[in-house]
Structures are given as C-alpha cells and as structure tokens.
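We have chain X; now place chain R onto it with these hints.
These protein sequence lines map, in sequence, to chains X and R.
The first sequence begins at 138 in the numbering used here and counts up one residue at a time.
The second sequence begins at 138 in the numbering used here and counts up one residue at a time.
These aren't lab readings, by the way, just hints derived from the structure by calculation.
Note that the structure is a prediction, hence the values are computed from the model and not measured.
A few of these clues could be false.
Intra- or inter-copy, both count: the list cannot distinguish identical chains.
What the hints assert, rightly or not - Listed next, the in silico EDC-like pairs over lysine to aspartate or glutamate satisfying Cα-Cα at most 20 angstroms (straight line): (1) K166 to D230; (2) K228 to D144; (3) K227 to E158; (4) K208 to E246; (5) K227 to D144; (6) K208 to E149; (7) K228 to E158; (8) K194 to E236; (9) K194 to E149; (10) K208 to D144; (11) K233 to D144; (12) K245 to D232; (13) K185 to D144; (14) K228 to D202; (15) K166 to D232; (16) K228 to E149; (17) K228 to E146; (18) K208 to E146; (19) K208 to E163; (20) K245 to E159; (21) K245 to E195; (22) K233 to E159; (23) K233 to E158.
Number of protein chains: 2
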Amino acid sequence: MPAIVQDFETGEILMLAFMNEEAWGETLKTGMATYWSRTRQELWVKGKTSGNVQWVKEIRIDCDDDTVLLKVDQVGGAACHTGYRSCFFKKVDGDKIRESGEKVFDPKEVYK
Amino acid sequence: MPAIVQDFETGEILMLAFMNEEAWGETLKTGMATYWSRTRQELWVKGKTSGNVQWVKEIRIDCDDDTVLLKVDQVGGAACHTGYRSCFFKKVDGDKIRESGEKVFDPKEVYK
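So here's chain X without its partners, still in its complex pose (with noise of 0.2 angstroms):
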C-alpha cells in the first residue's frame, strides 16, 4: 500500500514509501514511521541509519482504503537520502528537469 509523507508543519510532501500489514503494525505501535522496502525486501525504519526518524502526528486513509497519508515530524528536517528535505526536488520546467528544494545535509558526511 503507498504511503504518501507529509511534513505536519509545512505540509510539504517528503516521500512516497509502501507499507505492508507488518510495517503498518510498527508504525502503530512505535509512532516512528516504518515502511517495507520493496528493493530489499525487509521492513526499513525510516532513519534508522541516518538518525532522521519520522514521528508520526497524525494518519489518514483515502477513500478507497488503499493508500496512507502519513503526518510526520521529520528530524533532522531531510526526508532525502540525498539530503534534501523533500525527495521531490526536480522540478519540471517545460521540456527539462532542475533541482529546485533545500538541501539539509551532505550525504557524503552521513553515509560513509
């Protein structure tokens, strides 16, 4: 199931993430949000690795009952494994694409 993360303060969208029944049931009961990584196939506490957790403020379910809205207060205020904020940065302009969004960290400094 998609998860659409939105910044509770700002209301600026941060990610999409999935969400299987497990992942779900963490997030519940932890209050950090928790996805399932479909490339590795295991469930991913988000920031786990970087230190950037996802408090979880308030959750909404669309019509269909099959796509979460997630609140989160983002620590370290980059979603991004890239270090921006927001993992939607580009920006489409006519027939091209630039960066456009803030950049939090250096992920060079954080992965290592």
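Okay, now just chain R, sitting in the frame of chain X:
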C-alpha cells in the same frame, strides 16, 4: 507510476492516482491532470464527468524518478467522488477510524 495530487494553494493532499506514458503526455499537452484508471484500464481526464477538473500548476518528480507530484488548482473544490475536498477524509484515531474533512458536494446530485 503513482501521482500524488496536492492542492496548489493550501498544500492539502487531494488524492493518489496513477499515470502511464500516455497520461503523462496528455497532462503536459492539455494542462489538465490526466491519469490512467487501473480499474477501468483507460485514460481518465479527472473531472470529465463531474466538471471538477484539475489544472496543473507545478510538476515535480522524486529522487528515484518513479513518483510524480502534481500541484493543482482543483475546480469545484472537491477531488473525491464522495464529495469530500480530499480523498483522505478518514482519520485514524487510536483503533477507530472517523470521517474528518470538508464535504463540498452531494455525489447523488452530481453523478445521476
């Protein structure tokens, strides 16, 4: 490809839809959000029936190039076929789910 749809003015998340290459091309060409309906297996110009089309104001792509974020001007104010502004009108509250959102139209009046 999943497409997160966000109100351009308020930042509210309206819905999650899906796009294929054709839907992407039509969206760019017409400026109206066009999706791929997975249930009906056809192109879907959002709001064609209800008149609540979505004018696209900004398009962003995520770090992995596998999710789109559309910031839209939602005509009529409601994105959801239930009449709510947003499809995410169900709020998880402990072990209960309650409706929480603004209802803009009565679906019985719109879809006869």
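Tested hints:
With identical chains, the CA atoms of K166 and D230 are at most 20 angstroms apart between copies only, with a shortest distance of 13 angstroms across copies and 42 angstroms within one. In this assembly of identical chains, K228 and D144 lie within 20 angstroms of each other by CA distance both inside one copy and across copies; the values are 19 angstroms within and 16 angstroms between. In this homomeric assembly, K227 and E158 come within 20 angstroms of each other (Cα to Cα) only across copies, at 18 angstroms, whereas the closest approach inside a single copy is 31 angstroms. Taking the closest pair of Cα atoms, K208 and E246 never come within 20 angstroms of each other, the shortest separation being 27 angstroms inside a single copy and 33 angstroms across copies.
Proximity of K227 to D144 under the C-alpha cut-off of 20 angstroms is found in both arrangements, the shortest distances being 18 angstroms within a copy and 18 angstroms between copies. For the identical chains of this complex, K208 and E149 are neighbours both inside a copy (10 angstroms) and across copies (11 angstroms), given an alpha-carbon limit of 20 angstroms. In this assembly of identical chains, K228 and E158 lie within 20 angstroms of each other by CA distance solely across copies; the values are 18 angstroms between and 33 angstroms within a copy. Taking the shortest alpha-carbon separations for K194 and E236, only the inter-copy value of 17 angstroms comes in at or below 20 angstroms, while the best intra-copy value is 29 angstroms.
Within a single copy, K194 and E149 get their C-alpha atoms as close as 14 angstroms, and across copies as close as 16 angstroms, so both meet the 20 angstroms cut-off. In the homo-oligomer, the alpha carbons of K208 and D144 lie at most 20 angstroms apart both inside one protomer (6 angstroms) and across protomers (16 angstroms), since each shortest distance falls under that limit. In this homomeric assembly, K233 and D144 never come within 20 angstroms of each other (Cα to Cα): the closest approach is 27 angstroms inside a single copy and 23 angstroms across copies. For the identical chains of this complex, K245 and D232 are neighbours neither inside a copy (31 angstroms) nor across copies (41 angstroms), given an alpha-carbon limit of 20 angstroms.
Taking identical chains as interchangeable, the C-alpha atoms of K185 and D144 lie at most 20 angstroms apart only when both belong to the same chain, with a minimum of 18 angstroms there against 31 angstroms between chains. Proximity of K228 to D202 under the C-alpha cut-off of 20 angstroms is restricted to the inter-copy arrangement: shortest distance 11 angstroms between copies versus 30 angstroms within a copy. For a Cα distance limit of 20 angstroms, the shortest separation of K166 from D232 across copies, 11 angstroms, qualifies, whereas the shortest one inside one copy, 45 angstroms, does not. Taking the shortest alpha-carbon separations for K228 and E149, both the intra-copy value of 14 angstroms and the inter-copy value of 19 angstroms come in at or below 20 angstroms.
Only between protomers do K228 and E146 lie at most 20 angstroms apart by alpha-carbon distance; the minimum there is 17 angstroms, versus 22 angstroms within a single protomer. Taking the closest pair of Cα atoms, K208 and E146 come within 20 angstroms of each other both inside a single copy (9 angstroms) and across two copies (18 angstroms). Taking CA atoms no more than 20 angstroms apart as the test, K208 paired with E163 passes inside one copy only; the shortest distance there is 16 angstroms, against 31 angstroms between copies. Neither within a single protomer nor between protomers do K245 and E159 lie at most 20 angstroms apart by alpha-carbon distance, with minima of 31 angstroms and 38 angstroms respectively.
Taking the shortest Cα distances, K245 and E195 never come within 20 angstroms of each other, neither inside one copy (32 angstroms) nor across copies (30 angstroms). Proximity of K233 and E159 under a CA criterion of 20 angstroms is satisfied inter-copy only: 19 angstroms between copies versus 40 angstroms inside one chain copy. Proximity of K233 and E158 under a CA criterion of 20 angstroms is satisfied inter-copy only: 17 angstroms between copies versus 39 angstroms inside one chain copy.
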